[in-house]
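S.K.: Spelled out, the chains give:
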Amino acid sequence: MRKVIGVLLIVSFAFFVFTLVMRDLWVEDPTAVRTLGQAAIEETIPQSGAANTVTAIVVQFRGLDTLGEVTVLFLSALGVALLSGEFAGRGLKEVFRDDGGFILYYGARLVLPIIILVGVYIVAHGHLSPGGGFPGGVLVATAVYAVLMTGVKKELSTRIMAVIEGFAGLAFVALGLLGLLSDRFSFLANILPKGSLGMVFSAGIIPLIYAAVGTKVAAELSTLVTSLTGSDYASADTTAQGGKR
Amino acid sequence: MISISAVLYSTSLILILLGLYGVLTRKNLIRVVISLDVVDLGVNIFLVTIGYVRDGRAPIYLADAQTSLADQASRMVDPLPQSLVLTAIVIGFGVTAVALTLLMRLYERKGTVMVSDLRGLKW
Chain L
0 MRKVIGVLLI VSFAFFVFTL VMRDLWVEDP TAVRTLGQAA IEETIPQSGA
50 ANTVTAIVVQ FRGLDTLGEV TVLFLSALGV ALLSGEFAGR GLKEVFRDDG
100 GFILYYGARL VLPIIILVGV YIVAHGHLSP GGGFPGGVLV ATAVYAVLMT
150 GVKKELSTRI MAVIEGFAGL AFVALGLLGL LSDRFSFLAN ILPKGSLGMV
200 FSAGIIPLIY AAVGTKVAAE LSTLVTSLTG SDYASADTTA QGGKR
Chain D
0 MISISAVLYS TSLILILLGL YGVLTRKNLI RVVISLDVVD LGVNIFLVTI
50 GYVRDGRAPI YLADAQTSLA DQASRMVDPL PQSLVLTAIV IGFGVTAVAL
100 TLLMRLYERK GTVMVSDLRG LKW
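Protein sequence lines, in the order shown, are assigned to chains L and D.
Reading the first sequence from the start, the letters are residues 0 to 244 in numbering that gives the first Met the number 0.
Reading the second sequence from the start, the letters are residues 0 to 122 in numbering that gives the first Met the number 0.
Hints may be right or wrong, so weigh each one.
As the list claims (entries may be wrong) - Within a straight-line C-alpha distance of at most 20 Å, the following computed SDA-like cross-link-like pairs (lysine to any residue) qualify:
(1) 2/L / 2/D
(2) 2/L / 109/D
(3) 26/D / 113/D
(4) 2/L / 14/D
(5) 2/L / 30/D
(6) 109/D / 14/D
(7) 2/L / 63/D
(8) 193/L / 113/D
(9) 193/L / 146/L
(10) 2/L / 61/D
(11) 26/D / 86/D
(12) 2/L / 38/D
(13) 2/L / 114/D
(14) 193/L / 26/D
(15) 26/D / 128/L
(16) 193/L / 23/L
(17) 26/D / 4/L
Said to hold, decoys possible - Negatives, chain L to chain D, calculated, CB over 12 Å:
(18) 12
(19) 108
(20) 177
To be clear, the hints were calculated from the coordinates, so they are not data collected in a lab.
In this text, a Cβ means the ideal position worked out from N, Cα and C, and glycines have one as well.
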């Protein structure tokens, strides 16, 4: 009965979406940009100096929105930490009880610097190539997660991570306030020198903001995963036994 | 001749419908969260497809290319939906993380994540 109702509901939903939204869209491929993106493509190099148009939109044309996005991610991490705080120490203890064995233990440590290096590269080249602060930060947090899977918990201090995260968020706001000091007098205005197209040191404040975003996302997601695994776990047993299997 | 847009639009529609069906019919709440992620993925594909341009390239300027910058600009796909999707992915991640944490709390309190076993809201 439930499945029949479900099928009926999604069929009617499909009918609505198809007739109202998609019917005109999928007749043929468009040959030109149809939205405000055309203006963004034209204004990217004169106004921001970045090679990646998407980054110019995210960090400069829509920079305030990105600040809100970072805030939402922070609230999400805060919510997870608050909700999982009560069962800290029990949490996912059953999941993370096993230390993963010899291969995972040393494999995670082997790939840890490589993953972090790739993440930092993606953050630093966010204005030149696909990527940026969010994917790069997630990648760095993935390295932390790989180590956490081996059962070691004490290597990551939540307090230090919180401090790093706070300073990264402050750096974002401070870079934005820098725009108020210029003659353009607007928040997040790109007042630093633009440099030449395609260089790592170009595009004014965009790489700096993405560095702040990358640091914040990495610290936030590391804390998030750590808080899910519980706080007083793995103090004695797994750290010592990890390599001996 | 089927256009690429048609393929991608239908893919996104199918993903959205599959996810909605999962949300409506599954009893295990973890599967409901996974279904919500499938809906999320379908919406993201839909948004990116809106920006598709025939023979378009990635909206990134190449400094040392043979073609001029104006010529590159005329062949780019729409960057605006891509930047929207970048935001949507991050928000989707946050929603999933909070939902799974709520499920952990629920399991700790009730000992189950099956909707049919949760009788707190029934009479």
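S.K.: All hints are to be evaluated individually against the structure, with a verdict given for each.
M.R.: Structure-based check of all given hints:
With a C-alpha separation of about 33 Å, the suggested pair residue 2/L and residue 2/D falls outside the 20 Å cut-off, and the hint is violated. For the given pair, residue 2/L sits about 26 Å from residue 109/D by alpha-carbon distance, which is inconsistent with the 20 Å threshold. In summary, the hint linking residue 26/D to residue 113/D is supported, as the alpha carbons are separated by about 5 Å, within the 20 Å threshold. About 17 Å separates the Cα atoms of residue 2/L and residue 14/D, which keeps this hinted pair within 20 Å; it holds.
For the hint pairing residue 2/L with residue 30/D, the CA-to-CA distance comes to about 15 Å; that is within 20 Å, so the pair holds. At roughly 32 Å between alpha-carbon atoms, residue 109/D and residue 14/D are farther apart than 20 Å, so this suggested pair is violated. Distance restraint check for residue 2/L and residue 63/D: the Cα-Cα separation of roughly 57 Å exceeds the 20 Å cut-off, and the hinted pair is therefore not satisfied. Restraint check for residue 193/L and residue 113/D: not satisfied, since their Cα atoms lie roughly 56 Å apart, outside the 20 Å limit.
Between the alpha carbons of residue 193/L and residue 146/L the distance comes to roughly 39 Å, so the proposed pair goes past 20 Å and is violated. At roughly 52 Å between alpha-carbon atoms, residue 2/L and residue 61/D are farther apart than 20 Å, so this suggested pair is violated. This hinted pair does not check out: residue 26/D and residue 86/D have alpha carbons roughly 30 Å apart, beyond 20 Å. Using a Cα cut-off of 20 Å, the hinted pair residue 2/L and residue 38/D holds, with the two alpha carbons roughly 18 Å apart.
Using a Cα cut-off of 20 Å, the hinted pair residue 2/L and residue 114/D holds, with the two alpha carbons roughly 15 Å apart. Between residue 193/L and residue 26/D the CA atoms are separated by roughly 55 Å; this puts the pair beyond 20 Å, and the hint is violated. Proposed proximity of residue 26/D and residue 128/L is contradicted: the alpha carbons are some 43 Å apart, above 20 Å. Restraint check: the Cα-Cα separation between residue 193/L and residue 23/L comes to about 41 Å, which exceeds 20 Å; the hinted pair is violated.
Between residue 26/D and residue 4/L the alpha-carbon distance is near 15 Å, which keeps this suggested pair within the 20 Å criterion. In this structure residue 12/L is not separated from chain D by more than 12 Å, as the shortest Cβ-Cβ distance comes to only about 6 Å. The Cβ of residue 108/L sits about 26 Å from the closest Cβ of chain D, beyond the 12 Å cut-off, so the non-interface label holds. Separation of residue 177/L from chain D is adequate, the least Cβ-Cβ distance of about 22 Å exceeding the 12 Å criterion.
Hint compliance for this structure: hints 1, 2, 6, 7, 8, 9, 10, 11, 14, 15, 16 and 18 are broken, all remaining hints hold.
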